[in-house]
Amino acid sequence: MSGIGAAVVVAALVLTAVAAWWLRTRNGAVRATGGGGAVTGDAVFARLGVRPADADLTVVQFSTAFCGPCRATKARLQQLQTTRPGLAVVHVDAESHLDEVRELDVRRTPTLFYLDRDGQVIGRSSGAPRPDELTALVDAHAGAGT
Amino acid sequence: MTAAPRLVDVRGPRFAAWITAVVLAVSLVLGSGSLVAVQAVVFAVGAFAGLRYAPYGALFRVVVAPRLGPVREREPEAPPRFAQLVGLLFAVVGAAGYLLGAPVLGAVATGFALVAALLNAATGFCLGCELYLIARRALPARA
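Just so you know, the protein sequences line up as chains A and B, in that order.
Positions 1 to 146 (this note's numbering) are the ones given, in order, by the first sequence.
Positions 1 to 143 (this note's numbering) are the ones given, in order, by the second sequence.
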């Protein structure tokens, strides 16, 4: 029986509980950006081949090969695209665009950026977005067809 | 890497994470470096040979899966396999700490592996996978 070991087990359980709570509250939550004084991403997004003027809402998704939830998020966006013609989606492999990843401060995958027609970043989210929140955001900016 | 990704039943890695968490917790309570070393070998098999050969995954397929319903969801093997590699790094430091006379280092490193395993088991969140991009960002770009 190890005292240090038992203490570490207790600490690990507490840490896990805190991390799980944090993930539940923060994972995939859309944060409004803009006005924050951050560098505008226009040039960075242009380099990634994003053309926001072509759609009401452009979602840029950063993914990596070792990201489980990226797959589900990608499928979700594809599904939304079939019924919302105003929605454009751009997928970026984070690993092959590390400069842009650093400039946009992408730390996790999936990270999604939401751009309006003027190229303004209206929000970003890290972690798989909640399906209902994603749908609501898309509908607010790229209405559910006519 | 261009071949179609190998898919695994999503329930397999979750089951394996629970077993891993139990093994690591028992290792810590007993202060047993040898048990951490055994877990390191299990991680190494999953990371280098693939999840098909991973012992807990085999246990899942042979004993657990037949008692559950049919497979509802499959996922590519790469993320959980990468997580095994991250687990291996912590387990190696943990086992080395215990076996080379630095039990506090051993316990702390094993504790980090335990957090990752518990988090994965309880929520499906893959800590190793999340660290991948952070590690790649910190390293200089590769051609």
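If you're looking for bench data, these hints aren't it; they were derived computationally from the structure.
Any given hint might turn out to be false.
Stated by the list, open to error - Taking lysine to any residue and the SDA-like style, the derived pairs with C-alpha atoms no more than 20 Å apart in a straight line are:
| id | chain 1 | residue 1 | chain 2 | residue 2 |
| --- | --- | --- | --- | --- |
| 1 | A | K74 | A | R108 |
| 2 | A | K74 | B | F125 |
| 3 | A | K74 | B | E77 |
| 4 | A | K74 | B | P76 |
| 5 | A | K74 | B | E75 |
| 6 | A | K74 | B | A122 |
| 7 | A | K74 | B | A4 |
| 8 | A | K74 | B | G69 |
Taking the earlier hints as the rules, which of them does this structure contradict? Numbers 6, 8, in rising order.
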